[in-house]
Every structure is written in structure tokens, then in C-alpha cells.
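There are 2 protein chains.
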Amino acid sequence: MTGWVKIVGLGPGAEELVTAQVQDALAQATDVIGYIPYVARVAPRVGLTLHPSDNRVEIDRANHALELAAQGRQVVVVSSGDPGVFAMGSAVFEALEAGPSNWLELDIEVQPGITAMLAAAARIGAPLGHDFCTINLSDNLKPWSLIEKRLRLAVEGDFAMAFYNPRSKSRPEGFVRTLEILQDACKDSRPIIFARAVSTPEEDIRVVPLTQARPEMADMRTVVIVGASNTRIISRAQGPIVYTPRSVLS
Amino acid sequence: MTGWVKIVGLGPGAEELVTAQVQDALAQATDVIGYIPYVARVAPRVGLTLHPSDNRVEIDRANHALELAAQGRQVVVVSSGDPGVFAMGSAVFEALEAGPSNWLELDIEVQPGITAMLAAAARIGAPLGHDFCTINLSDNLKPWSLIEKRLRLAVEGDFAMAFYNPRSKSRPEGFVRTLEILQDACKDSRPIIFARAVSTPEEDIRVVPLTQARPEMADMRTVVIVGASNTRIISRAQGPIVYTPRSVLS
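Protein sequence lines correspond, in order, to chains A and B.
The opening position of the first sequence corresponds to residue 11 in the numbering used here, with each subsequent residue numbered one higher.
The opening position of the second sequence corresponds to residue 11 in the numbering used here, with each subsequent residue numbered one higher.
Just chain A, with the same shape it has in the complex (with noise of 0.2 angstroms):
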């Protein structure tokens, strides 16, 4: 077999966050599969083809792309950030497990990305410098209850924090229910950062006290970190620096 499957990180937009990694696997490849805005950008050009699809299909995407590889085609699998944070890496590992036996022979790798929270940490300052928890909000693939539990517990470990998937129009109300269990819990008026569409065009950065916060300041285009109790702000005419300390005195 000559085929494989990388599945690589596009960053968050820009094309100055791409790594060569990856643009000499787009280069190489014979095919790639993606959701649609994803695949959108990739160049086209003679010999490769795309293979756009829609969102909530991982797993049909995942296993074309095994199967596409399994047959001789070098195939690139693209995820916006990095494909090991909440993106293509972990369906496609779920259909190779599933799938025939002669899978296992495939060459496959991982190419990591600028994923969103780092791109929005370094955007607003360094609010992700000292330990933190991700958390992916969506409640699609688990229980509700787990994700209350997880957010308890990292304010409880005084943990900075980074939301993936915050809101979407199909779950408006967990995004509601975390800012009132976040501002339960914290008492206080820590930064909350809400990056939408980070090193794009349409980059809006915003950043309120989190007794302030509200929740249709985020959607499905934007990360949201929240600081840990130590977490500063400078104020500068060009626009607030957040930071957390490397340092928590005892």
C-alpha cells in the first residue's frame, strides 16, 4: 500500500500560522477532506481533488479518507487549529479502530496546528501563562452534567480556562447556564476573553469583567478563555494586555 492520511492543523486562519508541515502535505496530496470552510481553503490544482462535506459528519469523513488511502491516494484530512484539539484527529482514530483490519497498515499522521486558544491567548496578551483547563462546551457527545462537573472543578483548582464550541444556535442554552455557574463560583470580576474569527478578517476581540459577561457575546466562530483568580490586566492606550502571572504565592 502506497497510500496514507495525514490529518493536519490549518491553524485559525491566517495563512502566515500555517506551518511547511503542512503546506508540503497539501502539496503532496492527491485528495482532501474536510468540512466545507476548511477545504475552502485549500488552493485547488490539477491532480488533487477536494472533498468538501458538511459539519456533525466526522466519522463519514473519517473513513473516506481511510478508504481513500487504502486504495493507493494520498490523502490530507484538514482541520481549522490543530486536528488533536477537538477536530478531525479523534474520529478518524474512532473509524480506523472500527474499521477492516488492513487499516492498521495505513501510514497516517498527525501534523499539529496553531489551535484557537493559543492563537487568542497570544492576540490579548499570555491569559493561558500559567496552568489551565479546555473544555469543549458542546454537549452533542456528552452528558451536560460532565461538563458542569469539569467547570466546577476548574474553578475550583483556580485553573485559567478555554472554551471550544461555546454556543450554537441548536444549544443556545449551556453557554448561558456556564456563565452563571462561572460567575457562581468565581465571585469575582476576573477577565473573560471572547475571540471570535482570530488572524481573519473578521477578528473581533472583546474582553469584560466576568460579572459583565452575557451570553450572546459568543457563537460557534468564537473561543472563550476565562482567567484564573490571579489573572491581570494592563491598561494601554492601544488596548488592554491580559496575562496570568507565572507565579501563585503561598
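There's no promise every hint is true.
Far from chain A by the CB rule (all over 12 angstroms, computed), these chain B residues [what the hints assert, rightly or not]:
| hint | residue |
| --- | --- |
| 1 | 46 |
| 2 | 58 |
| 3 | 74 |
| 4 | 78 |
| 5 | 80 |
| 6 | 82 |
| 7 | 83 |
| 8 | 123 |
| 9 | 182 |
| 10 | 187 |
| 11 | 194 |
| 12 | 196 |
| 13 | 216 |
| 14 | 219 |
| 15 | 225 |
| 16 | 230 |
Listed below are the simulated BS3-like cross-link pairs for lysine-lysine, each with C-alpha atoms no more than 30 angstroms apart in a straight line [to be verified]:
| hint | chain 1 | residue 1 | chain 2 | residue 2 |
| --- | --- | --- | --- | --- |
| 17 | B | 197 | B | 152 |
| 18 | B | 152 | B | 179 |
| 19 | B | 197 | A | 152 |
| 20 | A | 197 | A | 159 |
| 21 | A | 197 | B | 159 |
| 22 | B | 159 | A | 152 |
| 23 | A | 159 | B | 179 |
| 24 | B | 159 | B | 197 |
| 25 | A | 197 | B | 152 |
| 26 | A | 159 | B | 152 |
| 27 | B | 159 | B | 179 |
| 28 | A | 179 | A | 152 |
| 29 | A | 179 | B | 179 |
| 30 | A | 179 | A | 197 |
| 31 | A | 197 | A | 152 |
| 32 | B | 197 | B | 179 |
| 33 | A | 179 | A | 159 |
Since the hints were derived computationally from the structure, they do not count as laboratory data.
Note that beta-carbon positions come from the ideal geometry of N, C-alpha and C, so glycine has one too.
Chain A is fixed; fit chain B onto it per the hints.
For chain B alone, kept in the frame of chain A given last:
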């Protein structure tokens, strides 16, 4: 003032994992500041002054960068990985906040990079494919009791975990204790991954059941990833894949 500071991430080691954004910043710099082995990754050229410095002088380094920028220099502060994850980002902002008020007028930008845990996760599959915590195991700047508390809460929340700075010659005891806490709290043989010097010629990645993990498997060049309770291993002739599924059943 025409000076600026860019705080950039060089990624875990391989040149192909450096973003074009960071390469451009290095090409524009008059001065590069950082820890000796990271500055050694920057090619010398006419017009560029390299300022390598030893470990544990992060604040001196940060002050130096801001002073040079205030004099009109174009300064790049290099970290490995991502500058916002246990790296120079927070140190520069601590120095900025404590420094003279004219520093607040400087152009300061953070440019993200591929942090070690994402590079390590990619090399073994997708162990951080669901909610996870990222913890710095060094107690140089925080009390050890807080590290223990966070470890126990992370296990209680069934997060996957990534550990930076797990073990150094001056702190041999902490990682012994970390493994004891995890083995006691997890009560299972979930996979733990020791990923050393990822993406460099010295790369060494080992997966063992948590019950068989030993302290000497880690050093300061190792990032450690611990699965959640549902993290899976796929055995293959080419070596194991470790991934955390996207779903948690209720």
C-alpha cells in the same frame, strides 16, 4: 518610538513547525533575546544581535527586551513551543507592568507557536482529543500543595492531562509524588505518554500503562500526557496509537 517587541514561539524543535509569521519576525529583528538553546536556533546574519541568556533569568531577559525596544530596536523574544504556555509571554508582561510607564506605548505582539503538548499528542495520535488540563509541575514559582490539588481535581473531572517541566535535577521528588497521586487516584492502567524532545533528532516517545510509569521516564525535555479514563490504544505493527474519543456516554 519605532521600536517593538515580538514574543514568538519557535515550536518544539523542527524547522518545518515554525510558522511563516515567526520567520518573518526573525527576518525583521535587530535583536533576538532568549534562553541559550532557543537563541541557538536562530541563524546569525549581519545586522542582527543575538542575546542568549541562561535559564531562570526570565525577568532580566524581559526587561532587557523592553529596554532595547524603548531605544528603538526591533526585538524578538524567543521561546520554544508557544510563548503563552509556560514561556516568555507572562514574564514580559510582568516586566512591562512593573516597569516605567513609557513602556506602555511600545508595540508588543505575541506570535503563537506549536506548543510541546500538541506536537507530542500529534506524534502518538490524539490523546488530547477531548477535555484536558495543562499543568506545569515545577514548584519553583508556586506551592507544591497547589500542584497536588490540581492533579487530584483533574483526575476527579476525568480530564486528560499534559504536564510541562515534569522533573529536573534540582526537583527530583515532585514527579515521584505526581505518579503516586495519579496511580492512587486513577486506579486504572490508562496510558501515560512520555514524549522527549519531540520533532528533534533526539525524539523519544514511550507509552506505558500508568501502573508501570516510573519517575526516571521523564526529564526536563519531556512533556508527559496522561489519558482520561476512556482513552484508547490501537495496537499496530507500526507502533501504538493513543487517542481520546470525542464521546463520553452518560
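Now the hints, each set against the structure:
1. 46: holds, 19 angstroms
2. 58: It holds; residue 58 of chain B is separated from chain A by about 20 angstroms at its closest Cβ, greater than 12 angstroms.
3. 74: holds, 17 angstroms
4. 78: holds, 19 angstroms
5. 80: holds, 14 angstroms
6. 82: holds, 18 angstroms
7. 83: Holds, since 19 angstroms exceeds 12 angstroms.
8. 123: violated, 7 angstroms
9. 182: holds, 21 angstroms
10. 187: Consistent with the label, residue 187 of chain B stays out of reach of chain A, its closest Cβ about 17 angstroms off (over 12 angstroms).
11. 194: Since the minimum Cβ distance to chain A is about 18 angstroms, residue 194 of chain B lies beyond 12 angstroms and the statement holds.
12. 196: Residue 196 of chain B is indeed farther than 12 angstroms from all Cβ atoms of chain A, at 15 angstroms.
13. 216: holds, 18 angstroms
14. 219: Holds, since 18 angstroms exceeds 12 angstroms.
15. 225: Nearest chain A Cβ is 21 angstroms from residue 225 of chain B, so the label holds.
16. 230: About 16 angstroms separates residue 230 of chain B from the closest Cβ of chain A, which puts it past 12 angstroms; holds.
17. B:197 with B:152: Cα-Cα ~27 angstroms, so holds.
18. B:152 with B:179: Distance ~18 angstroms between residue 152 of chain B and residue 179 of chain B Cα, so the pair holds.
19. B:197 with A:152: Judged against 30 angstroms, a Cα distance of about 23 angstroms means the pair holds.
20. A:197 with A:159: holds, 17 angstroms
21. A:197 with B:159: holds, 20 angstroms
22. B:159 with A:152: At roughly 25 angstroms apart (the allowed maximum being 30 angstroms), residue 152 of chain A and residue 159 of chain B satisfy the hint.
23. A:159 with B:179: violated, 37 angstroms
24. B:159 with B:197: holds, 17 angstroms
25. A:197 with B:152: holds, 23 angstroms
26. A:159 with B:152: holds, 25 angstroms
27. B:159 with B:179: holds, 23 angstroms
28. A:179 with A:152: holds, 18 angstroms
29. A:179 with B:179: Answer violated: residue 179 of chain A to residue 179 of chain B is near 52 angstroms, above 30 angstroms.
30. A:179 with A:197: holds, 29 angstroms
31. A:197 with A:152: holds, 27 angstroms
32. B:197 with B:179: holds, 29 angstroms
33. A:179 with A:159: Holds: residue 179 of chain A and residue 159 of chain A sit about 23 angstroms apart, inside 30 angstroms.
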